[in-house]
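Visitor: Here are the chains, one letter per residue:
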Amino acid sequence: MSQPNGFTESEERLALRAAVADLAGRYGSGYFTARARAGEKTTELWAEVAKHGYLGVAVPEEFGGGGGGIGDLAAVCEELAAAGCPLLLMVVSPAICATVINRYGTAAQRQRWLPGFAAGTTKMAFAITEPDAGSNAHRLATTIRRDGVDWVLSGQKVFISAVDEVEAVLVVARHVDASGQRLQPSLMIVPTGAPGFSYHSIEMDILSPEKQFTLFFDDVRLPADALVGSEDAGLAQLFAGLNPERIMAASFSTGVARHALAKATDYARTRAVWDAPIGAHQGLAHPLAHCAVQVELARLMTQKAAALYDAGQDKAAGEAANMAKYAAGEACAATVDQAIQVHGGNGMTSEYGLGAMLAASRVARIAPVSREMILNFVAAHTLRLPKSY
Amino acid sequence: MNIVVLVKQVPDTWSERKLTDADHTLDREAADAVLDEINERAVEEALRIKEAQGGEVTVVSMGPDRATDAIRKALSMGADKAVHVSDEALHGSDAVQTARVLAKAIGTVEGYDLILAGNEATDGRAGAVPAMIAELLGLPQLTQARKVSFDGSTVTVERETEEGLTTVQASLPAVVSVTEKINEPRYPSFKGIMAAKKKPVNTVTVADLGIDAGEVGLAGALTTVLEAAPKPPRTAGERVEDDGTGGTKIAEYLVGQKLI
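As you go down the protein sequences, you meet chains A and S in turn.
Residue numbers for the first sequence follow my numbering, beginning at 1 and rising by one.
Residue numbers for the second sequence follow my numbering, beginning at 1 and rising by one.
Okay, chain S solo, but in the shape it has when bound:
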């Protein structure tokens, strides 16, 4: 089975994340950049499917030059090759524009059976791109998967949302997005790390994908960030000394917060 995995480089969730004052886009200098953890799980799932069924895993990413590091991490885990869409014109693109570009980039991969993605990135948290791509490509979408299985050309997914658990099925090719419950991603082995640099990465511009630069980027985005404020600093919290009434005081606090 040939699998495309969508990956994204995001600011490390452990570091201080900021938007720039100039245009409210991500301040890429402010934080360390890492492969989004949910994408590591998507890559892991792709590798497990490949190990069981054979085939090829292609990583597709959109991002600035330094997104190469995130792509390299996916390749060091065991993915075979990559398509990297890198273009200044993409700066500030919204979810719809991103989905259009990624759909075109996926189109450069020959003969794929499955597109895997994380259900939502830790930075944007729109959770919309996998569904949008499915729509653009005319493929079935099976989102928020916590388990994926195959029977011939049928994919079955356990879909877990706040409303509960559903089992959904579709014929391949299809788009599947995974949640953090899907698996535990592997660490890249030393051999994987050494092999990653030799794996092919096809770097393309929006023009290469047949997209007019004017259709992407901040100016043409359908959504606009009007205002952004940094999150308030962490407060010291309330300290409860336990003089025998500690349990009661904690319960009272939780009742006061309407948590119990």
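Looking at chain A on its own, in the form it has when it is part of the complex:
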């Protein structure tokens, strides 16, 4: 069968999706919500996904990875979420951290970290957001300064995922010179056990096995090789990691949306209170069809963003990744909301598991970059409108 060039995924990509969906289907949303409710992690799922090389798909083959791209990793992320058991750390560890280290790390850093990312045995968190800067990389207050051959890191981060599950955190901080002048931001690998580094969980009303943390760096001393990439490379290097993050977040969201949509349509096909199943009523059928359109459009844009990124077109990928993240976040929030509506009272029961998805689906509009910041980006970069900030 011939494939319309560029608008469908390759046979290998589809086979990867099928394999991951098969594996994840054996765990499912029952497993995921039970773990999350018990305050437990989905460790064995992560391990099994890792064992088949699905977490290392985008790591180069020379380091034991699959030699694929972000598009492959995003497909894995989406299928897990679509099966009801999303792995949030995928958005961070193999997508941001492995990508940045692979693209900008030294030979020694790549050798040190990439085999672990390929095997899924290394988990690394990512920390950029700060209490007073939000996602404004220009206003980041966390600093690094030189002290002899070492680096010294100080500052604070907030809303950092899964720090209790990782061996290190990739921290965005700004260099300061001897006169205290703030310079370009860089990325530092900070082991979670480093003296002076402490973290505290933030109580969240989101049902998720991964917790959120506030991080404190109190003059954390780091070796010279903690720095990834060059000291003055600035934002370009950072966005090498943030574009994959957006693509992954979009895939995570479209997967969650697909899961909710499948639940809603299953229910609408079988639930009947008069003679016809409720799915026959246009009052429910049309909103679900609208959700399906939104989800599919978001998926298409996500795949475009991934294809551009994997083709090395960082600038075009940035625009597409932002648009994909926006569309996916909206599709996710709208679809979970509609799925609950279709279920009526059952939509809020623990048994159906949709209420449990509600807060998480709302996060898709906020993190890792808010809907408003994406619209700002599109206004300024795509439409070339003047900036207000």
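These are calculated hints, taken from the structure and not from any lab test.
All values reported here derive from a predicted model rather than from experimental measurement.
Every residue gets a Cβ at the ideal spot worked out from N, C-alpha and C, and that includes glycine.
Be a bit skeptical, because a hint or two may be false.
Unchecked claim - To give an idea of the interface, some chain A residues facing chain S are shown, with a C-beta separation under 8 Å as derived from the structure: (1) Glu11; (2) Ala15; (3) Gly68.
Since the structure of chain A is provided, determine the placement of chain S on it from the hints.
Guide: The following block gives chain S in isolation, referenced to the frame of chain A:
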């Protein structure tokens, strides 16, 4: 050990399966096509034997062009190469014709020691093809295996049927068909998926196998489907409200159905 595994693409058991009105053959458009799960187990067993003893695993399949997907899945799990018999003339072939074609296709694989198959496909459910192939090739048949082991050139099989458990033994080469108890098949790894497309698939016609097109297909089949009716829709069932007598009512129902 060189192993041939027979695989078949079948309609997904989870989807609505239909026969066509025209000739009562499988309506391939009606359902998603997948590698039969019992074949995944046969492939898995072959791969485990290969991993323990070395050798090569060749997948043999008969089916239309799109059976390539099922073959590719077996290759992505780790099989080395494939023979795909694809020919319009095969449409509507019965079990005997299928066995003849597969026996010839197996003949194109050099130096095999073992032929592995699922004991019965989820669609046709004849459960006869492995035995027929053994007969055609003059090989011992060890069907319905739940465990397979080797000692030199001897294969030993735990055979499980409704009558019970038997241990059967034969010298290689032999035909072994496996049940769903044999193993849990692996998921293809990402590397396996990426490698599968580069593995050789030898696509052949019946003429390539030295078979006259008139000997296969619906017209010459020994069995004929005279009539087919869709299965009745699922009924709502009987709901028992538990007002303290629920257990008794369920027991009464089961007694009524002669189940207890």
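Visitor: None of the hints should be skipped; say for each whether it holds.
Guide: Evaluation of the provided hints:
1. Glu11: 7 Å, holds
2. Ala15: Ala15 of chain A check passes; min Cβ-Cβ to chain S is 5 Å, inside 8 Å.
3. Gly68: 7 Å, holds
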